[in-house]
Each structure stands twice: as C-alpha cells, then as structure tokens.
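Enquirer: Residue-level listing of the chains:
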Amino acid sequence: MMKEQWMEVVSNQPIALDTYEMTLHGELVSTMTQPGQFLHLKIGEGFSHMLRRPLSIADVDQDDQTVKIIYKVIGEGTKWLSQAKPGDQIHVLGPRGHGFPVEKVTGAHIYLIGGGVGVPPLYYLGKKLAERNRVTAVLGFQTMDAVFYEDKFQELGETMILTDDGSYGKRGLVTDVLEADMDLYYTCGPLGMLHAVTRKLKDVKGYVSLEERMGCGIGACFACVCKTTDPNDDRGYRKICKDGPVFPAKEVVLWQI
Amino acid sequence: MMKEQWMEVVSNQPIALDTYEMTLHGELVSTMTQPGQFLHLKIGEGFSHMLRRPLSIADVDQDDQTVKIIYKVIGEGTKWLSQAKPGDQIHVLGPRGHGFPVEKVTGAHIYLIGGGVGVPPLYYLGKKLAERNRVTAVLGFQTMDAVFYEDKFQELGETMILTDDGSYGKRGLVTDVLEADMDLYYTCGPLGMLHAVTRKLKDVKGYVSLEERMGCGIGACFACVCKTTDPNDDRGYRKICKDGPVFPAKEVVLWQI
Amino acid sequence: MADLRVSLPGLDLKNPIMPASGCFGFGREFSEFYDLNQLGAIVIKAATGKARYGNPTPRVAETPSGMLNAIGLQNPGVDQIIETELPFLMSYDVPVVANVAGSTVEEYVEVTEKISRHPVVHAIELNISCPNVKEGGIQFGTDPKTAAYLTEKVKEVSDKPVYVKLSPNVTDIVEMAKAVADAGADGLSMINTLTGMRFDLHQKRPIIANETGGLSGPAIKPIALRMIYQVRQALDLPIIGMGGITSAEDAVEFLLAGANAVAIGTANFLDPYVCPKVIESLPETLERYGFSSIHECRLKGEGPHE
Amino acid sequence: MADLRVSLPGLDLKNPIMPASGCFGFGREFSEFYDLNQLGAIVIKAATGKARYGNPTPRVAETPSGMLNAIGLQNPGVDQIIETELPFLMSYDVPVVANVAGSTVEEYVEVTEKISRHPVVHAIELNISCPNVKEGGIQFGTDPKTAAYLTEKVKEVSDKPVYVKLSPNVTDIVEMAKAVADAGADGLSMINTLTGMRFDLHQKRPIIANETGGLSGPAIKPIALRMIYQVRQALDLPIIGMGGITSAEDAVEFLLAGANAVAIGTANFLDPYVCPKVIESLPETLERYGFSSIHECRLKGEGPHE
Ligand SMILES: Cc1cc2nc3c(=O)[nH]c(=O)nc-3n(C[C@H](O)[C@H](O)[C@H](O)COP(=O)(O)OP(=O)(O)OC[C@H]3O[C@@H](n4cnc5c(N)ncnc54)[C@H](O)[C@@H]3O)c2cc1C
Ligand SMILES: Cc1cc2nc3c(=O)[nH]c(=O)nc-3n(C[C@H](O)[C@H](O)[C@H](O)COP(=O)(O)OP(=O)(O)OC[C@H]3O[C@@H](n4cnc5c(N)ncnc54)[C@H](O)[C@@H]3O)c2cc1C
Ligand SMILES: Cc1cc2nc3c(=O)[nH]c(=O)nc-3n(C[C@H](O)[C@H](O)[C@H](O)COP(=O)(O)O)c2cc1C
Ligand SMILES: Cc1cc2nc3c(=O)[nH]c(=O)nc-3n(C[C@H](O)[C@H](O)[C@H](O)COP(=O)(O)O)c2cc1C
Ligand code: FES
Ligand code: FES
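Chains as they are written, first to last, in this note's numbering: chain A, 1 to 257; chain B, 1001 to 1257; chain C, 2001 to 2306; chain D, 3001 to 3306.
Simulated from the structure, these hints should not be mistaken for laboratory data.
Keep in mind that a hint or two might mislead.
Quick list of in silico lysine-lysine cross-link-like pairs, DSS-like style, CA-CA up to 25 Å [stated by the list, open to error]:
| id | chain 1 | residue 1 | chain 2 | residue 2 |
| --- | --- | --- | --- | --- |
| 1 | B | Lys1200 | B | Lys1250 |
| 2 | C | Lys2050 | C | Lys2114 |
| 3 | C | Lys2204 | A | Lys79 |
| 4 | D | Lys3277 | A | Lys79 |
| 5 | B | Lys1242 | D | Lys3050 |
| 6 | A | Lys104 | A | Lys72 |
| 7 | C | Lys2277 | A | Lys3 |
| 8 | A | Lys68 | A | Lys127 |
| 9 | A | Lys227 | C | Lys2050 |
| 10 | B | Lys1085 | A | Lys79 |
| 11 | B | Lys1003 | B | Lys1170 |
| 12 | B | Lys1079 | A | Lys85 |
| 13 | A | Lys85 | B | Lys1104 |
| 14 | D | Lys3204 | C | Lys2277 |
| 15 | C | Lys2155 | C | Lys2178 |
| 16 | A | Lys127 | A | Lys242 |
| 17 | D | Lys3204 | B | Lys1072 |
| 18 | A | Lys227 | A | Lys202 |
| 19 | C | Lys2204 | A | Lys72 |
| 20 | D | Lys3050 | B | Lys1227 |
| 21 | B | Lys1205 | B | Lys1104 |
| 22 | D | Lys3204 | C | Lys2204 |
| 23 | D | Lys3145 | C | Lys2145 |
| 24 | B | Lys1003 | D | Lys3277 |
| 25 | D | Lys3145 | C | Lys2204 |
| 26 | D | Lys3204 | C | Lys2300 |
| 27 | D | Lys3204 | B | Lys1079 |
| 28 | A | Lys242 | A | Lys104 |
| 29 | B | Lys1003 | B | Lys1085 |
| 30 | A | Lys85 | A | Lys72 |
| 31 | B | Lys1068 | B | Lys1003 |
| 32 | B | Lys1079 | C | Lys2277 |
| 33 | C | Lys2050 | A | Lys242 |
Model the full assembly from the supplied sequences, consistent with the hints where possible.
Expert: Printed below as a string of structure tokens:
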C-alpha cells in the first residue's frame, strides 16, 4: 500500500485567526478512510527540518482525491506551510495512526467535543457518523476570530460554539454545556480540556485524541508515549503515533506526573 | 547606496553541460557597473545555508534592470539555484569587490583569457572594453558540451575556443595559443590556468580574477585572503572579496605553499 | 558496479549501511515500508536488564538541521526483547547489532551475556554514552577508566564482538577510544548524541521534560567527521560512523574520514526509506568519485584502515 | 516599549545585542551597511601580540545550518589595532569589547595590558578557546587549571573587566566556568566554536586547509543553550551568550537559558543587517512573550541572574 507521496497544494487560505485550511491532492487520498488519523508533513527544503509535523485529516473527498487539513500557525513549520501556494508540492507520510472507530456505531447520540485546532479531525469524523447517528457538536475557541467551520458542523447536527472571552457564542468552557445525555463522545483539543471533559463524562463511553511531540511518527522511536491507566497492562504505555492518536478515554493517563 | 535586494528570477536555463544562465531583475542592477565584481547570493530557505555563494556578473542591461550570471552546478548551492523558476525571488548582496579597471583603457589590443566558469565575467568586461579597444578572446573548456557564449564573444572580437579533449575548437590549453602580441590581458579561470597564463605572459601587463571560499564576502572575516608578492607590502595580504577578486597579475601570490 | 561489501568483526555486510540504534526500534515498523533484507545490518534499540518506561514527555524537540531526544532508554527489557523482538528479526538475512545499556556495570554485563548468545545477534554495541540516563550513564561515556573497565567486563561475557559506542561530549575523544581499545573493544561506534537544550518561549521552560536531550542529525555531522578522523589517525580499530548522515554522499564522506561502515539515525524519521535509498545510490556515488569498492574510500595518501 | 538596557561589568548596554568576535572585523565593513551606534556593544576580532597571517586557505566550509572556520587569528597585531582600528571605533558611542588571544600566557598578558588601557575598550574578552591555534590555544580552553592561571595573570594587568570566552570542546563546562570564576573572571562569554571537519569528495581531503575548523551557526545553538543553562545553574557570573543566534526569538531563548546579553556571529555573513534587525524586533518579541525588560527574561521560578 502507498505510504507517502509528494502531494500538490490545491488551495491554502486563512479561515480564522492564524488558522489555515489547506487542500492537498494526490492518489494517497485513497488510503485516507479513517477519521482521526493524521498526516505527517515534511517541512522546508532538504534536511533543514528533521522532524515532520503531524496534522489531522479534517476532510476527505475521494472523488476529487483531495484531503483537507486545518492548522494554526504556531512555529516555524506551520508558518512554512502557511506560505505554500497552489501548485507547490508537499511531502506527506500517512495516513498514520489509528483513528476514531466509526464502523459499528449506529443510531447513537454522539457528542463531538472540540477545542481550537482539536476541532479539525472531528469534522471528518462527524461527516462519517452523521450518516447513521445523531451528532451534537460542542466547539470551544479562544475568541470570535478563531472560530471556524461552524456552518459545516451545523450541517451535521446541533452545534454549540463557546468562546473563552464570550466574544462569540456562549462564554465559557465546553464542559459548562455538557450533559450526560449522550451515548458516546469523541473529543480532541488541548490537554486541559480533554482532562476536564473526561472527568465530567467519566460515566460515558468516550474517545480522546492526544497530541505529543513526535520523532518518527510511525512507532519506532518512542518519542510519543503515554501511560495506560491499567497497572496490569502488559506494556504500560501506548504510542500516540501508532496506537493512537485516538484512545478510549479510560485507557490512557492524560496527565503524567 | 542600495547594497542588497530580493531580486526576481526572469529566466534560468541550461546553456551548456551543467551550466546555467540566470537573469535577475531589480533596481540593484543600477549599482552594477564594474565588470569583474560579483554577486553574493543567498541559498535556500531561512538559515539552512549559512554561507552565500559568490557568482560573477556576466552581463548587465541597465535599460531592463537585469543582470545575468552564468554558473556551473557544483554542489548544493548551485543545484538549488538551477531549480529556481521565473518569478522566484533570490536575495542578492552586491555587487561586491573590485572588478577589472576599464575606465582608462583605450586603443589597446586586449586579450580576454578565460577557462570554464571563469569565462562569464570576461563577457561583461569585453562588452565594456570593445567600445574603445581591440579585443581577442581565448576561451578554454573541458569539452564541446561545456562551451558557451562563443557567438557572443565573437561579436566583440576574434575568439578562439579550446577544449581539453579537442572535441571542439582547438585541442589544448589556452596558453598554447597565447602570443605576447597584446598590450594587456585579463584572465579568469581555474588556478592552474591562471598560474600558467601569468607565467607565460609575465612581461605583459595583466589582471587576474581569483576565487576563494568566502565567509562574509564583505571583507570582515578574513576567510578569503591571498598573499601579496611584495614582501614589503604593508599588509602582506589581500582580501579577495573586498580588495579583489581582480588583482594586477603581479600583485598576488597565486599558489600558496 | 562498485563493490559494497564490508567485512568487520562479526559483521559480514552486503553493504555498509545500517539504521542507527534507537531510530529504528526493532525493525518492525520499517518492515512495513520496505524489505529489511536490503540493509547491511540492523542496530536495534538499547536493551536494559529490566523494562524501562523512560523519561516523561515531551521527549523530542526540533533544532536547526537536527533534533534533541531524551527517550530515556525506554525498552521492554532484555528478556522480553529476546523473546518477542529477536525472533521477528530471525526471518531476515541481516546481521543484528544489539545495543546494550545499563545503569551499573552488572546490568551491562547481564544484558550482554544474555543477548549476545542469541544467534541473530552478530555483534554488541556497548552504549556507554546515552546522556539521558541519570545514574551512571554519562560517566561511563566520559571517563576513560570507567569506560575501559566496563568494556573489559562486558568482553569477558560476550560471545560476540563488542563495538563500544563513544560519546562526543568529551574533551579528548582519542583518549576515550584508546582506553576502550586497550580494554579489548573489537570496534567503535561513533558518535552518539551531543547534549543540548531548547527552551519554550511561551512556557518559559526547557522544551524537553528531561531538560537536556541528545542532539542528532546533520547539525552534528562535522563534529562526527572530526572525531572519526582523529580516532582513525590514532587507531586501526574498525569504526561504524554516524551522525547526521542523510545521503550516499554523506556516507562516502564518513568513509573518507575513516569509518568502515555507517549508521543512519535521525534521517529515518524524515524519510522512512532513507536507508534503502542511500544503499541504492551508493554504487553510482562511489563511482562518481572514482572508487570501485567501499575499501577504496580512503583519503589521499592513506592506506586501507584494517 | 520593553526596556532593552542591560548593565554588566564595564558594559552599560543600550541593548543586549552585539556582533561576535571575528565575525565583524573591527566594524569598518559593517559601518558601510548601517550606523554602528545602534549596537549594544562591538566585540572586535582577536588581537595578538604581533601581526599574524593566519592559516592557509580554504579557511571556511559550509555545514548543515552552520559553517566551519579556521582563520587562524589573522590580525594586524595589538599595536596596529590600537593605532588604526580603535580610533575609528572612537567615533561611535558604543562600548568595545576587545577579544584577546595568544600562544603564551605572556602574549595574553601583553596584549591585555596594552589594549585594556584604550578608552574605547570597555571590557576584555579572553579568547582561551580558539581551536585554530596549534601552540597552546586549545589547551588554555580545555584545562581548568591553565585557564584559571591565565585568567589570574590577565586580571592582574587589565584595567577593564575580563570576560573569559569558554570553549565548548570540553567534557565539563561547569568545571571550566568555576575555575575561571574563582580566578577572578568578571564574566563569561560562551560559547566559542566546536571543532569539526568536512571532506571534499573530489579532492579526497579535508575541505579546510587546516584540516579541522570551528563549527558555528544555528547548528550549535542547542549546545550553546545547554552549556549556558548548566553554568547559570552553578554560577551567578554575567554571561554573554552566543552560538547560532539569527533572530530576536533566538536572543530571548539565550536570555531564558541564562545569558545576560548575547552576541551574533555567523548570521552576519548571511545577512549583514542581522544585528540591527534583531535589535529592532526585540521589543515586540519580548512583549509577545510577556516580558517588559531584558532583566525579566527568566525561566519560570527563577530569580534575576545578577
Ligand atoms: C496527532 C496530531 C494531530 C494534530 N492535528 C493538528 C491539526 O489538525 N491542526 C493543528 O493546528 N494542529 C494539530 N496538531 C498540532 C501540530 O502538530 C503542531 O501545532 C505543529 O506540529 C506545530 O509545528 P510548528 O513547526 O508550527 O511549531 P514549532 O513549535 O516550531 O514545532 C517544533 C516541533 O514541535 C512539535 N510540536 C509543537 N507543538 C506540537 C503539538 N501541539 N503537538 C505535537 N507536536 C508539536 C512540532 O511538530 C515540531 O516537531 C496535531 C498534533 C498531533 C500530535
Ligand atoms: C569572486 C567569485 C566569482 C565566481 N564566479 C563564478 C561564476 O561566475 N560562475 C561559476 O560557475 N562559479 C563562480 N564562482 C565559483 C562559485 O562561487 C562556486 O562554484 C559555488 O560557490 C559553488 O557552490 P555550491 O554550493 O554549488 O558548491 P558546494 O561545494 O556545495 O559549496 C560549499 C561552499 O564552498 C564554496 N565554494 C565551493 N567552490 C567554490 C569556488 N570555486 N569558489 C568559491 N567558493 C566555493 C561555496 O560558496 C560554499 O560556501 C566564483 C567564485 C568566486 C569567489
Ligand atoms: C530518538 C533517538 C533515540 C536514540 N536511541 C539510542 C539508543 O537507544 N542507543 C544508542 O546507542 N544510541 C541511540 N541514539 C543515537 C543514535 O543511534 C545515533 O548515534 C545518533 O542519533 C547520531 O546519528 P544521527 O545523527 O544519524 O541520528 C538515539 C538517537 C535518537 C535520535
Ligand atoms: C569566521 C569566524 C571567526 C571567528 N573569530 C573569532 C575570534 O577571533 N575570537 C573569538 O573569540 N571567537 C571567534 N569566533 C567565534 C565567534 O565569536 C562565536 O563565538 C561563534 O562563532 C559562535 O557564534 P555564532 O554561531 O553566532 O557564529 C569566530 C567565528 C567565526 C565564524
Ligand atoms: S513518534 Fe516515534 S514512536 Fe511515536
Ligand atoms: S569573505 Fe570575509 S573577508 Fe572575504
């Protein structure tokens, strides 16, 4: 199976504060079927940047052979990405990791709980889930200018937007509006949010998507491990890049000491 | 005075074996009036390549605000240059150094003696000199495929091409065809050639253009020095990037021990 | 076509290219990308006596043309490695170099004794230089006497040739090399990572949870080349060279400096296919520079190294 | 706007940015690019007792995100520098740091004594670490006792505060720092270059005529940061930090690691305007990360350094 490709930038534009949506085209898209997986992108020319950047698959169009990623400009890598122009080639390794399990989920009321640039993978997930389930999205952003994809989520189901400063939607944290009226939840966002969400929804089945600085992105270097909650787990850890980034909420320790 | 600019690539194409001609456009061209000076080009993105590459001015068109450089692909830097496309921006520092003195030369029979990628600066020089002098060009190349600019030199005066392997023009070295029937010579090329030329023409007034690996390219780092022949010279050395790259043939030691 | 074969103590290599320890796990992940049989050898991740979880995360950070890592020797322990990882590697016709680490001399000895007996293991790489282990780790690699003592003890129990992997974080690399050579090392691996740091400007603390990490990648190539060259001038011992190799040109540069074979580490992260790519372009690269075999890669005026 | 002023022994700086020794000559060339009055200070090229021609060329080579140099202390000698270079610098309102080198203790002492008396010189930077001088140069920088002895002798004759410039080519940088601190150093400069090599594949020999050269540029930044951090944990002495700085972010990272001011070397070659550019963007950069002055740039939980 194809595992990497120089993909072509179809479009690359800002959709919110410091946040860009990039559409990439290539045959590699045919392998991108699991929401929650990520692409591992090469940055810069040659070997000037030795580490790739992991970015979640935000949407896939198999007919067009295009994939979308949504990224916030944080440092050098995402800044470089933001300067890519249509026609440029970007080397993509992936899709990597294991995503959200969607195959067997039907007729359920599912919450998609996202924060900031944790929102992107939930969109592709929501599209897949909405076919056979009721989807509610609770999306938190820092401020009004940072909000993106509200309309798109609304097409999938009820969508609540929250901002930290109250400049748009409700003021507050995603946990403020969560009730346990759900069968299942999927969440992705900053660690603090994941922590709060999993604690508040501790009696609900859920999946979290984790982030960690990565070396290889394929499971070989042990850069991206997290601990398991079960002290009798035979390994005691998971590799976020390979076993994850998505885990059952109860399986992994979110905050290591 | 302007000292640097992001110049725009107008064209960039192979003109001989591994040899490219690049045309750059920008206001900086207005400062490029002295043949023999060089441009100091930034290579690659950001700070991945810490050293600029020195390349001689091969031709200048003040009306169009364009400058031409001709370069052979040697290593990473020139390879990167060879991949530049029209519209790309390349950062240029320069023109740097002191070129061939042409102002006061009139009515003389002048030899331009070039080897390989030492030929480029001689073209702009020849254009300036041919206005008021008789110019003869003796140009050596490794092989037929490496030859470039023959026609252009022919427009300036008699032009002899030599190749090491005899595949084009005369077989042999430039020194094979040199007679002392000249008032002045200007030479640029590999060190071995400069050495042979200056020895053979030791009784003729001449100028050599030297190459050396450079740090700063502006005279601050002492990377590019060569020794002077005069043991009583007050410094004992010259900086190729600043005092040169062009020197009176008798002023500098070509082969250091 | 240029002859790529190299013969070193315990290692009859079909080519001089191997993945470096810690950058290739135990080969499984990369076997999904290409046939591992193409490799000259495989250097597996460090084995310790018991399973280790390693350091807290973040464990890696990017640096200009390089990266920092502080994995902290996470591994399932030597018994588990023998039980579950080495059998997988048996299915390939590639010699395995087992990287051995520990906190005490006893641990090194125990691990070496166990792992060197396994038939897939053709040589031991003694990791005396891992800077990420607080107890002992760094001292073994920076004090010649301790390094020599450790080498001696490990040699006593090892069924296989022992390559000692040197730390570059020393004033005098030749002194270190000589010490372990005198103690019986069959070869050297050099270099391991240089200790470095990066800081997170937002968080105002080191990026790596362990504070410092090991610097690897092209950034350290000139230091690796210098150290290999200096040791080669002083000693005839086989050297497996590494530090920032990304291409066949780089590999040849290491051979010129004095290495007999080379390992590729960090570059595997950027391009999982880098090892087979380098192997594939090595013959033409050698020929371009006028060499018809690996053994011919010598500096002007220098004889063969072995 | 964030306060850029820094006050160090002998150096009242309007901002913490200065060009590093050897990368800025004596300022003349750069004065054609911008007004040197913008700089916090100017560190001039190493002065020795007599004029030196330095090493044969090639003296520089490129490396990934870095470069090697083996200039070999070319300079016109201390008397000539005092006579022709320092007067030029008098016309600027910028403190000059005089970098002093030598092959013997006597030479260091002589040069320091002479140059420190000049009014434009506000501090001495004792270059004990230049790896390109065969006689003595490297030993001063790698042996704590010799370094301490040299520092002591130089302090005896210096009218101005002495910053000792440490070599990174050592096993234990803290030991070196402590040794020169105990010997009376008023501050530290760190780091100088790491010894490295590159080879020319066509010529089959080292690119640098001197064989080895000093590695500088962004490649060494993580090593510089680590060493500064380690020394800062151990000592309260002022530190002028350097090694691969190219931007205001880099400068802030060095301040966080523990530097009190920073010097920019190699980056001047790529961009002659890098110093004024960094100075210009420093206030907004500081503010972006929540600092209102240079003195506030501290790691979480750390107090001021002086
Ligand atoms: C599985 C996964 C999916 C992700 N999906 C998205 C997404 O869809 N949209 C988005 O905006 N961001 C996403 N991130 C975070 C994104 O990878 C980082 O923001 C990005 O790598 C920062 O790179 P940089 O060069 O701009 O920042 P720098 O700080 O310059 O990066 C330096 C190094 O740190 C790493 N790094 C920095 N921040 C993070 C982080 N939060 N997580 C992992 N590595 C980091 C970089 O990859 C790089 O190796 C994801 C992270 C992971 C692990
Ligand atoms: C004043 C001057 C004018 C020049 N004019 C021309 C020209 O018009 N056309 C042309 O093809 N070449 C010219 N050269 C040579 C040209 O600079 C080198 O071929 C080029 O720098 C090689 O860069 P690279 O990255 O491809 O090679 P690499 O070998 O990868 O370069 C590595 C480093 O070595 C330096 N270097 C390598 N070879 C040389 C060399 N011969 N001279 C100086 N530095 C070198 C590079 O600049 C770089 O810093 C000139 C050199 C000088 C000094
Ligand atoms: C993530 C990572 C993990 C490593 N783990 C080990 C290890 O377990 N044992 C060891 O001897 N070296 C280890 N190393 C060092 C490498 O084997 C190699 O010596 C070093 O990275 C230099 O080579 P490179 O620049 O090609 O990566 C590790 C390096 C990295 C980047
Ligand atoms: C070409 C060159 C010449 C140098 N000359 C000196 C010198 O004379 N004295 C000195 O103390 N350091 C000298 N250095 C070291 C620098 O001052 C600085 O410590 C080092 O390069 C690291 O900083 P950088 O990475 O910003 O260049 C020189 C560095 C270079 C690149
Ligand atoms: S990033 Fe290497 S194991 Fe996950
Ligand atoms: S290259 Fe710096 S002085 Fe010439």
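Enquirer: Going through the numbered hints above, which ones does this structure break? Give me the numbers in ascending order.
Expert: 6, 11, 13, 22, 25
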